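Peer 1: With the hints as constraints, model all of the structure from the sequences given.
Number of protein chains: 2
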Amino acid sequence: MKKQPLVPEFGKKVRLSDFDPGYTGKFKDKDEAAAEMEAMLARLDALQERLYAENQRALLIVFQGMDTSGKDGAIRHVFSSMDPQGVRVATFKQPSAEELAHDFLWRIHKQTPSKGMVTIFNRSHYEDVLVVRVHHLVPHEVWQERYDHINAFEELLTEHGVTILKFFLHISKDEQKERLEARRDTPEKQWKFALGDLEERKHWDEYVAAYEEALTRCNTERAPWHIVPANRKWYRNYAISHTVLKALERLNPQFPKPVDNLAGIVVPE
Amino acid sequence: MKKQPLVPEFGKKVRLSDFDPGYTGKFKDKDEAAAEMEAMLARLDALQERLYAENQRALLIVFQGMDTSGKDGAIRHVFSSMDPQGVRVATFKQPSAEELAHDFLWRIHKQTPSKGMVTIFNRSHYEDVLVVRVHHLVPHEVWQERYDHINAFEELLTEHGVTILKFFLHISKDEQKERLEARRDTPEKQWKFALGDLEERKHWDEYVAAYEEALTRCNTERAPWHIVPANRKWYRNYAISHTVLKALERLNPQFPKPVDNLAGIVVPE
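So the sequence lines, in the order shown, correspond to chains R and A.
Here the first sequence stands for residues 1 to 269, where the numbers follow this note's numbering.
Here the second sequence stands for residues 1 to 269, where the numbers follow this note's numbering.
Treat each hint with caution, since some may be false.
[Unchecked claim] Over the 12 Å line for every Cβ pair with chain R, so calculated as not near, a few chain A residues:
#1 Glu-32
#2 Met-37
#3 Glu-54
#4 Asp-72
#5 Glu-99
#6 Arg-107
#7 His-109
#8 Val-132
#9 Trp-191
#10 Val-208
#11 Glu-213
#12 Gln-254
[As the list claims (entries may be wrong)] What follows is a set of in silico ranges between Cβ atoms, one per label pair, in the way DEER data are often shown:
#13 Ser-114/A / His-136/R: 42 to 52 Å
#14 Val-131/R / Arg-43/A: 36 to 46 Å
#15 Val-131/A / Pro-268/R: 15 to 25 Å
#16 Asp-29/A / Glu-178/R: 21 to 31 Å
#17 Gln-111/R / Phe-255/A: 21 to 31 Å
#18 Trp-204/A / Thr-91/R: 41 to 51 Å
#19 Lys-189/R / Asp-29/A: 33 to 43 Å
#20 Val-7/A / Asp-205/R: 56 to 66 Å
#21 Arg-43/R / Ala-194/A: 45 to 55 Å
#22 Ala-182/A / Glu-36/R: 46 to 56 Å
#23 Thr-158/A / Lys-12/R: 53 to 63 Å
Hints in this document: simulated from the structure, not taken from any laboratory.
Nothing here was measured: the structure is a model prediction, and the numbers come from that model.
Glycine included, C-beta positions come from ideal geometry on N, C-alpha and C.
Peer 2: Structural data, given as structure tokens:
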């Protein structure tokens with residue numbers, strides 16, 4: 001299999017058709033990846049503990065993707081080994097009246113991670129150049145300005161010590177059909193089936209165009225996009241875990257040095 | 001070993017000296033509990049998924065205890081098997097200036113769980129009748145009123161569908177000494193060592209008195225206190241897991257019924 005990059009080339013127009021959603025890298029199947037996957041989850045857990053203890057920097061993970069692309073599943077599989085005290089998930093649904101009365105980054109900013117934390121965005125500020133664009137919820141000139149606002153906002157966060165990793169979960173249109181049918185036909189999955197998802201599916205090509213523009217204009221060295229092949233759930237989880245692990249290894253967080261000379265301190269009876 | 005209740009008798013004055021912090025129930029050691037523990041964690045995970053899917057009720061877990069009693073460890077061990085998307089930890093530290101400018105329940109109320117969620121309080125509104133009382137941070141007549149306010153507040157939450165479980169992690173004074181010394185002497189634990197903890201230790205008996213009053217006056221059928229024997233970490237985790245599991249089993253959350261007749265719905269190409 002030809003090696004497919006996760007991060008598209010900076011400054012170059014992204015075409016999703018250039019990225020195979022069924023790509024599985026060096027692995028033939030799930031079993032081949034299992035041992036490495038397990039080792040990575042243990043390592044992620046250990047590094048997150050250090051990030052939390054260090055209490056100086058933070059990690060922000062953004063998940064975007066079409067309906068059924070696996071945002072919930074990725075969060076569950078990649079992050080559930082971590083200490084819940086250091087991990088927070090913010091899920092962005094339709095904005096409330098109060099949120100709509102503010103600029104589009106207001107509700108997002110409130111959820112950004114404090115020092116030491118790993119925060120996961122299930123959907124994000126990118127919805128404001130995706131669903132908002134496809135359904136004409138604001139005028140063209142308003143959403144067109146937002147790419148620059150997003151880049152400035154993400155730069156602000158990174159300057160404050162927040163490492164940003166953005167994941168687009170890339171599935172094919174056929175794969176979405178199968179997953180919607182599985183939700184329809186599986187009792188424990190039916191609660192996730194929304195008729196609105198079928199309506200959204202009709203706008204597939206418009207969403208592709210909207211994603212391509214966001215993936216092109218907001219793909220920066222500081223806050224890179226990753227186009228995750230997500231037709232295979234196990235490879236999706238592998239690619240995300242691997243990316244988060246590499247980022248944490250680069251950060252190399254350390255337990256803080258104790259301030260005082262502890263050795264001589266006596267704990268009273 | 002004489003069977004020791006977790007929940008003290010309602011309406012009766014609690015004396016912590018009646019509760020053995022080294023109690024381990026029906027188990028001789030950790031290995032004996034291991035298989036049951038693993039099965040419980042899997043079951044907790046499954047029931048939390050249903051609670052989240054049902055999206056009608058919520059669970060609020062409150063952790064209190066002396067320094068080093070194991071609040072962080074309990075959160076990590078009991079809740080890290082759950083889906084991070086349905087679990088949120090709120091850690092209450094010294095209140096900010098803005099928080100102090102409001103009544104003591106203001107910052108707490110903001111963090112209560114929305115429907116479907118499991119929220120964990122690492123410390124809580126009880127600090128306002130514990131540290132605040134021991135250090136005379138507000139006048140006697142102010143904190144004396146708070147027990148009733150707490151009971152009314154907890155009743156409000158339970159009427160809204162929030163199940164409240166409160167855990168006091170009960171360790172002996174000797175056990176705390178050992179744990180403080182372990183923090184002092186273990187490099188990866190030193191970041192948790194605070195000189196202030198030694199000062200607090202000097203107030204041990206005053207804290208016991210403050211806890212006894214809170215455990216007596218705010219122990220209600222709706223929001224019961226559990227006095228968790230916590231000298232043995234494995235038994236602490238076992239007792240908490242068992243209690244949370246029983247509560248979720250009583251709630252018996254269900255996947256929602258799909259609203260529409262799904263079988264006839266065709267997913268378009």
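Peer 1: Using Cβ atoms and 12 Å as the threshold, tell me whether Glu-99/A really stays out of contact range of chain R.
Peer 2: holds (15 Å)
Peer 1: Verify the CB-CB distance for Lys-189/R and Asp-29/A against the hinted window 33 to 43 Å.
Peer 2: holds (41 Å)
Peer 1: Minimum C-beta separation from Glu-54/A to chain R exceeding 12 Å: can you confirm that?
Peer 2: Violated, since 8 Å does not exceed 12 Å.
Peer 1: Take a look at whether the Cβ-Cβ distance between Ser-114/A and His-136/R falls inside 42 to 52 Å.
Peer 2: violated (31 Å)
Peer 1: Since Gln-254/A was said not to touch the interface, does its Cβ keep a gap of more than 12 Å from each Cβ of chain R?
Peer 2: Given that some Cβ of chain R is not farther than 12 Å from that of Gln-254/A, nearest at about 10 Å, it is violated.
Peer 1: So is Glu-32/A really clear of chain R, every C-beta pair being over 12 Å apart?
Peer 2: Correct as stated: the minimum Cβ-Cβ distance to chain R is 26 Å, above 12 Å.
Peer 1: Would the least Cβ to Cβ distance between Trp-191/A and chain R come out above 12 Å?
Peer 2: At roughly 5 Å from the nearest Cβ of chain R, Trp-191/A sits no farther out than 12 Å, so the non-interface label is violated.
Peer 1: Taking C-beta pairs only, is Asp-72/A more than 12 Å away from all of chain R?
Peer 2: Non-interface label on Asp-72/A violated, nearest chain R Cβ at 6 Å vs cutoff 12 Å.
Peer 1: Is it correct that the beta-carbon of Val-208/A has no partner in chain R closer than or equal to 12 Å?
Peer 2: holds (16 Å)
Peer 1: Return holds or violated for the Cβ distance of Val-131/R and Arg-43/A against the range 36 to 46 Å.
Peer 2: Roughly 37 Å apart at Cβ, these two residues keep to the hinted range, so it holds.
Peer 1: Could you check that no beta carbon of chain R comes within 12 Å of the beta carbon of Arg-107/A?
Peer 2: holds (15 Å)
Peer 1: If I claimed the Cβ atoms of Gln-111/R and Phe-255/A lie 21 to 31 Å apart, would that claim hold in this structure?
Peer 2: Between Gln-111/R and Phe-255/A, where Cβ atoms are some 28 Å apart, the hint holds.
Hints 3, 4, 9, 12, 13, 16, 21 and 22 from the earlier list are contradicted by this structure; the remaining hints agree with it.
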